[in-house]
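K.L.:
Now for the letters of each chain:
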Amino acid sequence: MTTEKDNDLEQQDELFDVQTEPSQSDIEAELLLARQASGRRKQDAPAAVAKRIALRTVTYIILLVGAFLMLFPFLWMVLSSFKTGNEAALEFTFFPKKWVWESYHALFTESDFPIFTALGNTILIEVSVIIVGTFVSALAAFSFAKLKLRHKTFWLLFLMSGMMVPYATLMLPQYRAFEALNMTDTLWPLILPGFFGNISMMFFLIQYMRGVPSAYLEAARIDGASHFTCFLRVMFPLIKTAIAAQVIFWFVGIWNDYFAPSLYLTSRENMTLQVLLGQLNSGTSAKYLPMSLAGSVLSSIPMLIIYITCQKFFIESLTISGVKG
Amino acid sequence: MAEKILQAELEADLAPEFAGGEGAFGASLGEEIARARKPKKQKHSKVERRENLIAFLFILPPIIGFLIFTAISVGCTIIFSFQNYFARRGESEWVGFIHYLNLFKGMGTAGTLANSFFKSVGNTIFLLLSIPISMIFGLGLAALLRMGEIKGGRVLQVIYYLPAVSSAVALNIVWRYIFQSNGILNTAFGTSTPWLSDDMLVKVAIILKNSLNGMGGAMILYLAGMLNVSKDLYEASSLDGAGKIRQFFSITLPIISPVTFYLLITGLIGGLQSYVDAQVFAKGGSGSHTIVYFIWQQRTNGATGYGVASAAAVLLSICIMIVTLVQFKFSNKWVYED
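In order, the protein sequences belong to chains A and B.
Position one of the first sequence corresponds to residue 1 (the numbering used here), numbered consecutively onward.
Position one of the second sequence corresponds to residue 1 (the numbering used here), numbered consecutively onward.
Hints are not guaranteed to be accurate.
[To be verified] Some chain A residues near chain B, calculated using beta-carbon distances under 7 Å: (1) Ala140; (2) Lys148; (3) Met164; (4) Pro166; (5) His227; (6) Asn281; (7) Ser299; (8) Ser300; (9) Gln311; (10) Ile315; (11) Leu318.
I should point out that these hints are in silico values taken from the structure, not numbers from a laboratory.
The beta carbon of each residue, even a glycine, is placed where N, CA and C say it ideally should be.
Pulled out of the complex, with its shape left as it was, chain B reads as follows (with noise of 0.2 Å):
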């Protein structure tokens, strides 16, 4: 959406004449008149600049919150990422790649930094197999719900999202509950699958629960994206013979497309700095350690602590925009048009 409201913008500096000739807001019957006597060299007449500044001053609240929040905090931390801090002095000294490097160097000895990080790193990525399993059966359940014709879709819908919109914290203490080792579902087999303690089984777990859990949303988007597909092209494939099967397949599939980049990117934007897992769900145990968490916890450690954090930090954000910088530049691309 956002993109969209830039290319708006984006033609309506390209064709000024055209955008602003069709009664943009401020051109009032006076500067309308002033305008056409005037010649048109004179472009910035006393009326519009003190719009200019009107409007300006409208959005200058966001612009200093983004310039404090945002761009400074960025500046910082990657400013940190050079530095040793300490925290009792309040002094930093430049330490140059130091904490980059050490991010690196020993991975696969235990017990070293590298080696936490890339545990950390590994977690966070095998975690993001929720990601693909939750558009899977959240598009098996689009495609029963609209091909099925089934009644009370909307209550359906309104279900799966639920968890959507509830508390992670409140949803990972039921889920902890009913995964403990003497939680329902050992209970319920008569096993005593140690699902928290275990180092793989609590990502296990987190996969299942986030698996469930992100389930509503995508199939509440490929619902959306299904109704896009006009009936015709239905129409048109089964009088050549198509089965529903092949219909699935061969037309909603790459119609909806779309929706599956969305889902896909949006996931590993939130799945890249997930947290609460670990935090709240496997109380952190170290088999559900993620990239925030890892930064969170160095940033303590010591007087390297700060700078390795901003470090994990600066490497874990250029992930994360590279990611969204492809979902902008493609997102246009991905878009089905007949």
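Just chain A, with the same shape it has in the complex (with noise of 0.2 Å):
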């Protein structure tokens, strides 16, 4: 509003006042402002300086503990996974007694808690999931940002009400459709929708894909490449890093995945690492307890390095998703 008013008064000083030099005036203006300011500053200094360095202080404060409220349960995980069963259940020292890798030796040898298979079928639902998943988005993404489809807006609104719907809808007739299979109790539920693609990651590409220019897709069409060609010689390298950033999402996202994998698997043979975990977490035994917290720190170690490696894609990822709508 202000501005407006005095660019609004400068325009008429300049129309009615030519002779008076603009600059000249600004200067007097400034020169004014900044007299103005220098005073009140130097009335009251020390005062100013005084409490801006306490509100400083504050802030950090304020925002230091907050950050160690938010490192203290991953700090007491790793802490409490070294104790000895009774300790972590019963005793209360911050740092423990004496370090102990009981938890973690048990973890790694007992066989009622196969955590390395646990891993492995984690391991198997990433790839195959990510793999076949990655390239049918992209490749629907291509069709979407690229090529001519009749009913486009169709298809579109069609696949984007899927994100509507809640798993908690799906859930009770595709556990029925799986147990109709045979197939709860095993990896398939886990890994057959994601062979159909990850409708979030279609949208992303797609607006990346955008962005891309049409010419390098018509050299190449020029040339004789075929649609799909053009997509995997020309597309495919030149989105490279956002398809990268979506992968390691999706990656997080099914490491971390226990709602799904907890209603299918059953026997722990089958299971995921963080279903195994569960099951760690409701043995009743006081020695389960700190092997519940070491296996919450193995499995929680991939995901930091990720995370710490990556954090400038999942901090921007993150708010171009809520930001730029």
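Fit chain to chain and form the complex, with the hints in mind.
P.N.:
Structure representation (structure tokens):
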């Protein structure tokens, strides 16, 4: 508001008072402002500085306390995983009295909790779903972004409507269907849906692909490349980073997924890491407590490494989905 | 974002000449010449038809996936909600709206189905409290980071967002350990609060935990929103004598309202489907049963169980769809434009 008014006034100055140099009046005004400002600053300088320092300090303290609260569960997880069962369950020293590898050792050796099998299962789901699913999503995104497709809007809406449906609606019939196919307690219910692509990934990729100049693709077409070759040889290399970012999210999402796997997987040798962790948590013996914490530490480490190395991706994509709408 | 893509597509549909004219892919040289020579009426040339077919083949897998895993599943859930299901015989019978009625009949009386359904609805709604709490704290943190010209803001962002990318199971295990009756929280304060066994306290614990875990995401989004506020506005208002607090409430808050809206909606959609807290954190304690937990538990509850669970799932989905539609409808209007 005020800036507009100022501009208007200045323009009027220029219009009516052509003789006086506008730059001169500008300088004068600025000098006046500067003098006022410096005068103000001089008057209450020590108090203002003290206030600013105090505010700064309080801000830092609040932010650091918050950061500590955020890190505390992780710290506590790591520290307690090195305690003996009884110490973890009954006594409360912050640091372990004696650092023991007991829980980790038990995790690796106890056949009740086959953690390596669980890791293998998780990776099997990750790899198969991500390779096939990414390919399918990217191909569909390519079609939506760059090819001539009749009723494109309809198909986009059609696929988008699926994003509105919560998993809670789908789980009952899906479970019954997989039950009929004798596939409950196998990894298939977790792998099969992924083969048909990931709609939110597709939407992200459509947007990236729109930014790729069509001239590249036309050039390839003139050289006789098929649409599929265009996608594979021209488009795919150009949007590698966008795909990598999406793959990372998906990887983390599947790794941490608990709900669907916990519904389907009932025998320990078929469980994913997260479901096995849940099982450890429901054990009642004291030794399971540090064991479940050790398991949590182990399953968090790969995600932590990915998160810290790719933090830019995570924070930026969150921002894109939230702010730019 | 999805809306934006759709909008662009709609515009392209309305003005095909402009959209396609700028060298849309597939308009190869030969085709261009052919189009120029032929009268315009003959719209679908052989080449175009071929491209259309290929384009359709490319989007076919997601469409099939949608049909099988979403469309048919939704239809089945609706059908199941009107049926009894005898799992052993594998037979079903139609019972009309009975399951829906039973979800509401006799609520308030202990032990009835309606009562446990309403408890789970109440729990779910109560647990939604963590959304505004995490939003307020996230907003406060973002304001501190932005206005205080803090160094190391990036590191703080990474730390605050850490719980959001961590495994919910691992976090719940350690939070359960923190809250347990002889856990560190009670030890540190010398109390013996039964955080996990009391029906009310377990909800408070979940809200506390979720508020803390949700703060980071809210903070990052608010920070990004604040970057959109132009400095001119602050300068102008400070010339008018507005203090920082006044500026925050009169300038920053209205401009970042789309972020607030987004957080609220996504929080609602996620919160209505909460399950892990009930299963892992509270180990199925009755005080924490959520709607989804109720649905999954009911499934195996005799011949009517499957139908009741489906009916509850249908009701939950309707709620979530309404929330999502509100988001679609208003997301454009809420975006601040200067």
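K.L.:
Now tell me if each hint is right for this structure.
P.N.:
Quick rundown of the hints versus the structure:
1. About 4 Å separates the beta-carbon of alanine 140/A from the nearest beta-carbon of chain B, less than 7 Å, and the hint is met.
2. Hint status for lysine 148/A: holds, given a least beta-carbon distance of 5 Å to chain B, under 7 Å.
3. Annotation: interface hint on methionine 164/A holds; nearest CB of chain B at approximately 4 Å, less than 7 Å.
4. Because the smallest distance between the Cβ of proline 166/A and any Cβ of chain B comes to about 5 Å, under 7 Å, the interface hint for this residue holds.
5. A distance limit of 7 Å between C-beta atoms decides the matter here; for histidine 227/A the minimum to chain B is near 5 Å, and the interface restraint holds.
6. For asparagine 281/A, the suggested interface contact is upheld, since its CB lies about 5 Å from the closest CB of chain B, less than 7 Å.
7. Here the hint on serine 299/A is kept, as its CB sits about 6 Å from the closest CB of chain B, short of 7 Å.
8. Interface hint at serine 300/A: satisfied, since its Cβ lies 5 Å from the closest Cβ of chain B, which is below the 7 Å cut-off.
9. The beta carbon of glutamine 311/A is positioned within 7 Å of a beta carbon in chain B (closest approach about 5 Å), and the interface hint is therefore held.
10. The closest approach between the C-beta of isoleucine 315/A and any C-beta of chain B is roughly 6 Å, which is under the 7 Å cut-off, so the hint is satisfied.
11. About 6 Å separates the beta-carbon of leucine 318/A from the nearest beta-carbon of chain B, less than 7 Å, and the hint is met.
The earlier numbered hints are all upheld by this structure, with none contradicted.
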